[in-house]
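K.L.:
Sequence:
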Amino acid sequence: ISLETLKTYFTAMGTAGSLVLLACLLAGSQFFAIAAAVWLAEWASQDEEDQDDDRYPIGLTILAALTLILAVLRAVAAMDAFTSASRELHFAALRRLLKAPMAFFDGTPLGRILNRFSKDVGYTDDLLPMTFFDFLQCFFMVAGTVAITCVANPVVLIVMLPLGFYFVRLRKTFLRSSRPIKRVEALTRSPVFSYIAEMLQGLPVIRAFQLQDEINSTFSERVNANTRAYFSFIGLNRWFGFQLDLIVVTLLAAAAYFSVVLKHVDTGYTVDGALLGTALVYILQLAGLFQWMVRQSAEVENQMISTERLVAYTKLPQEAGDPEAAEQAKAWPTSGDVEFRNVYARYRRDLSPVLSNLSFHVRPGQSCAIVGRTGAGKSSVVEAFFRLIEPEGSDGVLLSAEPDKQDAFASSDASHGDEKLSAGDEQRSGIFIDGVCTSSLPLALLRAKIGVIPQQPFLFSGSVRDNLDPFQERSDGEIYRALRDVQMHDAISAGGGLHMDVGQGGSKLSVGERQLLCLARAILADTRILIMDEATANIDNTTDALIQTTVREKFTNRGVTTFTIAHRLHTVIDCDVVLVLSQGRRVEFGSPHELLRRYLPAFDLRGGDEQAFDIVAGAGEPPQVSFAAMVRETGQETERDLRMAAKAAAKKSSSAGLEL
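In terms of the UniProt record's numbering, the sequence shown opens at residue 1 and continues consecutively.
In short, the hints are calculated from the structure, not lab data. This structure is a prediction, so every number in the text was calculated from the model and none was measured. There may be inaccurate statements among the hints.
What the hints assert, rightly or not - Straight-line Cα separation of at most 20 Å, PhoX-like style, residue types lysine-lysine; simulated pairs:
id : residue 1 : residue 2
1  : Lys315    : Lys99
2  : Lys7      : Lys315
3  : Lys182    : Lys172
4  : Lys554    : Lys652
5  : Lys449    : Lys99
6  : Lys315    : Lys449
As the list claims (entries may be wrong) - Cβ-Cβ distance ranges computed for the label pairs, FRET-style:
id : residue 1 : residue 2 : range
7  : Arg95     : Phe471    : 14 to 24 Å
8  : Arg112    : Tyr257    : 52 to 62 Å
9  : Leu98     : Val192    : 41 to 51 Å
10 : Arg112    : Gly496    : 52 to 62 Å
11 : Lys119    : Pro180    : 50 to 60 Å
12 : Gln212    : Arg169    : 47 to 57 Å
13 : Leu94     : Ile69     : 22 to 32 Å
14 : Pro180    : Glu221    : 16 to 26 Å
15 : Pro470    : Ala64     : 53 to 63 Å
16 : Arg112    : Ala64     : 44 to 54 Å
Backbone N, C-alpha and C define an ideal beta-carbon position, used for all residues, glycine too.
Please put together the full structure from these sequences, using the hints given.
P.N.:
This is the structure:
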């Protein structure tokens, strides 16, 4: 176990003062326990007339009471310190995990994360405190025995020092040898149990083909392999126990021998018989105590591996820090103007960019469709919006790391809405909303100001109200209005109202109903920007039509800037603009009608079709990566309908512009 892990664990246990107090309680309880034994030995060594002296029973009672009190206090203090360490490490790891970048979750299996917060936290919570406390008790008992032996006969130090050095080397050798043997025993044990299960399942086949001898032979080989490893482990433990017994016997013999020598040799030093007797009694206890202390120390090391893994989670990389939000941020954004300017992004620093030099501008209130083949970078645009992946400049530097990121709103008023930007502004990369670079904003503010309807609708376990209004900012009337807008009012009212339990992950609702609740949540958020990431990909056509209608009424027609990622082209054919992506790069950008009229359709043009579809003169075959090519792939009849719908939407948009 590294010193850094131990330092982190002890720091989490409490302040330096509390750790010193715990050490004093552990040492004090052992001191008074030995003092009581010495006092009792002193009392027993007195003459018969002196044994009736009241000070002996009173002193013994006081020492016993102090021992008991300190023993209780040390247990309480130790458990409090260990519990505090476990709690602090757990919450520190959880806080870091919740703010870890998406790259961590992309590269870390979910099972590993769950293992950290289940098995490893369980070891740190339940097993480590008891094992560590047991080890500390044994350590102070051994230290007390050594101390009383040295006090009774200081000459024993001549033997004790080399014995201590030998014990340290012996422990290292034992631990270094026992780990691989124990690992081999565990590895050879699993095949035995798996083979038994296979035999039970295949008994009819074994008997039908008379394979009993072969099966018995194979089973015996596996059992023998496990038994060899197990007996090696048992033999190693016996050898270690024998070596520890030799140390104890040597120490006991040295204490007795030097005491006799001092008694018969005129050295000027007198050995206290009561003190020596107490020391010899404690030395006799060392035989089992030594072995138990070493085994507990080994268990502490093994269980601290779980703590070490938990400590590693307290040092996880974090998303970009949150600068202070300016006062203008409370009302931002006011219009919903969105501009991507030379944006690069990648999932990890060692990977290629998933967005490359992406630039486009969506004006306030416009609806933008983002289309492309699988892997074109559509979802990456959404992740860059929310800074789940941090946007970069062309030089590969994270925009959130730029020194001027604190000045989020300083220049936004001057640049927003002004077509003539300065040369510095034109060259500056980033995602700008109402003239403010999103990389300069606090993440919580940015993500709260953008509404989203994901492809996979997600609901938390709890009530309908908890999911629609988690921060308790809306009244019941506002929530019911949003439910009416998505035609879920009757179903929710019949199921128990806003306190209706949606189940784990919304399991009590269908996929379509969960998606409608996500739409209601977006309505309640009342943002100026809405992103739909293939929101209708997994639902039926009826729910799809309902969502499209609601989005137009509650968002598009009210001046909300909307971005839609969709495979069903008929759902985005009436959008104001279409962004076509390929390998993270912009291929086309413009209105659906404008992108379609540049190229010939797949169906045969009849008389007047060129004018009906407003096809430009000299139009040719569309390139493979283009909006027109995607429309072609839907079939001739569908292509005809989509082209007509695109022209109708363009005409309607033009009429609305003239009216304005």
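K.L.:
Taking the hints in turn, state whether each one holds.
P.N.:
Verification of the hints:
1. Between Lys315 and Lys99 the CA atoms are separated by roughly 11 Å; this keeps the pair inside 20 Å, and the hint holds.
2. Taken as a hint, the Lys7 and Lys315 pair is honoured in the structure, with Cα atoms around 14 Å apart against an allowance of 20 Å.
3. With a C-alpha separation of about 16 Å, the suggested pair Lys182 and Lys172 falls inside the 20 Å cut-off, and the hint holds.
4. Among the hinted pairs, Lys554 with Lys652 is consistent with the structure: their alpha-carbon atoms are about 19 Å apart, no more than 20 Å.
5. A hinted pair counts as satisfied when its Cα atoms are at most 20 Å apart, and Lys449 with Lys99 qualifies at roughly 19 Å.
6. Between the alpha carbons of Lys315 and Lys449 the distance comes to roughly 29 Å, so the proposed pair goes past 20 Å and is violated.
7. Checked against the given bound of 14 to 24 Å, the beta carbons of Arg95 and Phe471, roughly 19 Å apart, stay inside it.
8. Range check, Arg112 to Tyr257: about 58 Å between beta-carbon atoms, so the 52 to 62 Å window is met.
9. As the Cβ distance of Leu98 to Val192 is approximately 43 Å, the hint placing it in 41 to 51 Å holds.
10. In this structure the supplied range 52 to 62 Å is violated for Arg112 paired with Gly496, their Cβ-Cβ distance being about 38 Å.
11. With their beta carbons about 23 Å apart, Lys119 and Pro180 fall outside the hinted range of 50 to 60 Å.
12. Gln212 and Arg169 have their C-beta atoms about 51 Å apart, which keeps the hinted 47 to 57 Å range intact.
13. Taken as a hint, the range 22 to 32 Å is violated for the pair Leu94 and Ile69, whose Cβ atoms sit roughly 37 Å apart.
14. In this structure, Pro180 and Glu221 meet the distance hint of 16 to 26 Å, their C-beta atoms being roughly 21 Å apart.
15. For Pro470 and Ala64, the hinted distance range of 53 to 63 Å is satisfied, since their beta carbons lie about 58 Å from each other.
16. Hint check: Arg112 to Ala64, Cβ distance near 51 Å, so the stated range 44 to 54 Å holds.
Of the numbered hints stated above, those contradicted by the structure are hints 6, 10, 11 and 13, listed in ascending order.
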